[in-house]
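Asks: Residues per chain, in single letters:
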Amino acid sequence: MSTEPTAFLYPFIEADERDAGPLLDDLAASARAKMAASARLQAETLERSRAEIAAAGAAMAERFGRGGRLYAFGNGGSATDADGTVARFRRPATGHALPATSLVEDRAVLTALANDVGVDVVFARQIIAHARPADIALAISTSGGSANVLAGLAEAGRRGLLTVGLCGYDGGAMAASGDLAHCIVVRSESVHRIQEAQNAVLGALWVEVQAALAGTRR
Amino acid sequence: MTVAASPVPPAAADELATVALALGRRFAAGATLWCVAPGAPHHARHVAVEFVHPVVVGARSLPAVAVADGGDPVDTVRLLARPGDVVLAVGPGDDAGLARLLRRGPAWGVRTVLLAEDPVPGIPVADHVVRVGEPDGGGALLAYHLLWELTQVVFEHPGLLRESDAESESEAGGGACVTCSDEGRLAEVRSIADDRTAVVLAGGHEEQVDTSVVGGVGPGDLVLVHAGLAIAVVEGAARP
Numbered sequence: 001m002s003t004e005p006t007a008f009l010y011p012f013i014e015a016d017e018r019d020a021g022p023l024l025d026d027l028a029a030s031a032r033a034k035m036a037a038s039a040r041l042q043a044e045t046l047e048r049s050r051a052e053i054a055a056a057g058a059a060m061a062e063r064f065g066r067g068g069r070l071y072a073f074g075n076g077g078s079a080t081d082a083d084g085t086v087a088r089f090r091r092p093a094t095g096h097a098l099p100a101t102s103l104v105e106d107r108a109v110l111t112a113l114a115n116d117v118g119v120d121v122v123f124a125r126q127i128i129a130h131a132r133p134a135d136i137a138l139a140i141s142t143s144g145g146s147a148n149v150l151a152g153l154a155e156a157g158r159r160g161l162l163t164v165g166l167c168g169y170d171g172g173a174m175a176a177s178g179d180l181a182h183c184i185v186v187r188s189e190s191v192h193r194i195q196e197a198q199n200a201v202l203g204a205l206w207v208e209v210q211a212a213l214a215g216t217r218r
Numbered sequence: 001m002t003v004a005a006s007p008v009p010p011a012a013a014d015e016l017a018t019v020a021l022a023l024g025r026r027f028a029a030g031a032t033l034w035c036v037a038p039g040a041p042h043h044a045r046h047v048a049v050e051f052v053h054p055v056v057v058g059a060r061s062l063p064a065v066a067v068a069d070g071g072d073p074v075d076t077v078r079l080l081a082r083p084g085d086v087v088l089a090v091g092p093g094d095d096a097g098l099a100r101l102l103r104r105g106p107a108w109g110v111r112t113v114l115l116a117e118d119p120v121p122g123i124p125v126a127d128h129v130v131r132v133g134e135p136d137g138g139g140a141l142l143a144y145h146l147l148w149e150l151t152q153v154v155f156e157h158p159g160l161l162r163e164s165d166a167e168s169e170s171e172a173g174g175g176a177c178v179t180c181s182d183e184g185r186l187a188e189v190r191s192i193a194d195d196r197t198a199v200v201l202a203g204g205h206e207e208q209v210d211t212s213v214v215g216g217v218g219p220g221d222l223v224l225v226h227a228g229l230a231i232a233v234v235e236g237a238a239r240p
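For the protein sequence lines, the chains are A and B, in the order given. At position 63 of the first sequence the residue is numbered 63 (the numbering used here), and the sequence of numbers has no breaks. At position 183 of the second sequence the residue is numbered 183 (the numbering used here), and the sequence of numbers has no breaks.
Here chain B stands alone, though its shape is the one from the complex (with noise of 0.2 Å):
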């Protein structure tokens, strides 16, 4: 008989515990996922499918969409998401179009996830990283329907289905001054108003900060904003 082994490791049991309970919170209060899988957008369809089609009769239809339209997926969830979703991507942990993607986040004002296959750097490059072993070892298969599972069950304790405020709050944050080491937040620049000017996204809210510390800067450049201003370039806007 051959050794019976997960392609996902016992210990992400962990994490996705987590992920069930912030995803049942999150769709208690309107969101919507959104499936993103570059490499193998199969994974994205399935996931979508497995939440507004459940296979058990009488499971709720939840709002998931896999975003497959050939274009670049920073563009389309920025889009399509409102502050609150959830962006759920599967693919390589070191996979720089993922990270550039689920780095948005914050900005953005979604929870991010990344079902990671091997290779996973030990940064976390999303709110919630679950390991699922080799790429086509059926871990992502696997992690995304023990997912589904266990956000039916996190719906039976409508108790537990409101969020803290302090994780209400945690949208908006990520990053540290790199001067002061106080809080950072990160942000998506959305126009330039003037020289030293822009208007950015922060937390899902568009507000203005001065750019004159970091310069030129341009459309869908992230940067880290500290008392208004803007301090630090995190990543250009453009595609790797």
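Okay, chain A solo, but in the shape it has when bound (with noise of 0.2 Å):
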């Protein structure tokens, strides 16, 4: 491994390697570490963050059951969970469809805000087009410091939204700030492990949303 300190006295001991063996040895015990570390932090966090999560589901439905509409943003590997979690919202296996807006689907608003103005502003500036008070926002960030993502939250509290959060590490700006009606905090120091998380949670929010709205549509 590279990281041996003395790796440097044998350079070309990596470059003469030939046997594959050891290497997937290695990588498939990496591989399997990491699916328990992963299974581990979800499972945490589910419990430590319970709570929250239902106090969110259920306020959720209160918003939707007003006719309010979920907008849901985030930056990479976010904005493709928000789509993801739009995705589930809009088209259920099972359940009520609910009106979900991904803030990261239109790349023509995108481009012209990022171009024009500046990235800091492509969701706020979509908050301030769409949104009205019985709306929800729900913002992804692994490290709860995304300047955009918060000054979409910002906006939507303004404007009365229900403001949702999801991070990661210590929460960031984002946990900090205080304004958010609910923040779920992955604590790890892996984006991809807290991503895996925020993916169960979002799961978990779904089946919360789900089951308050079965509970008063009945």
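A few of these clues could be false.
Computed from the model, here is a short list of chain B residues facing chain A with C-beta under 10 Å [as the list claims (entries may be wrong)]:
(1) H46
(2) V55
(3) L146
(4) E149
Hint data in this document are derived by calculation from the structure and do not stem from the laboratory. From a predicted model like this one, the values you see are computed outputs, not experimental measurements. For every residue, glycine included, the Cβ atom is placed at its ideal position computed from N, Cα and C.
Make the complex out of the two chains shown on their own, each in a separate frame, by following the hints.
Replies: So, in structure tokens, the structure goes:
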């Protein structure tokens, strides 16, 4: 491994490596360890945030009940998680189909805003254009510090939307602000493991929303 | 405390290791990774951003592209992929549309990987099939995250980045002659030369084959070729 402190003394060893067997064993062991770590973090997060997720789900259901829409957003991998969440709300395998929109879906809008004004406003300006007070803003960030995500949440808060934020590490500025109605922190230092746990939280949120709606609509 | 069970079965770790090594080798040789997830295009986009703009500072940017243009992915990947590239699909293991895409890998000379959600049939439709559990269970996300992480490790072993000749050769393989059990190669019909000859793509290379045994074939049909002769039509061109 290149992490060996003496590796610099033997640079030829890795270049001459021919047998892939040991590497394959290492890779498989690493995959198993990461799979276990991911499952542990998900379970811990769901356990620790159980009450917050239930409260957020109930509040979201109340907004949907008032005709509200869900706006989901984030950057990079979190943008795709926003897309996936919107798809789950719009086209559930079972349960109620609910009005949800991804603020990363329209590249004409995204590139126009990023080019003409700046990347910090790409979500806030869409909130200004679309949102009504009964709506929901669902923000996904691993760092909790993305300026455009924070700006989108701030704008949503000013307009009376229900604000729900998912973040990682120690929660970053998103958790520190104290402005969100609901903030769920995945306590990890790995972006990958954070996203995996956030995906579980998003699934749990959807379940809570559906359960709350089933209770009120029956 | 909830029991922490991984959505991806632990047995899939070995296959993920194999795929990571193959992927690292292909990238080292100049491949592009084509990502396809017709039912859930956000997965394809997530894989692409993972490789192109890694979250770990200093990690190399690798060419991965989400195929999510709304068209038939078979047409798009056929047009864009070069021999030696890799196609990674995410979706149900029994998805007929994905099978139709992945089966063409040997004809195009591309390596195929399926992150397969349940149910997964016994007959593999891709070079590598990684079981990722229930749809929406988080297994696909976990699997492509692991694939990215493991591929980074492979790049720390430059001596292992060259593919063996045997591995490169295997790209041309696929299937066996139904009449003599000898080796057969999958090929995709490109054009019809005359009423008994077609130009096909096999292992990413064009060649002429005799089609008099199988009769009328058309562009896009997948055929089994043996000794310069198309001996069976594996799959028609049309979308099911």
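Asks: Quick check: which numbered hints come out false for this structure?
Replies: none
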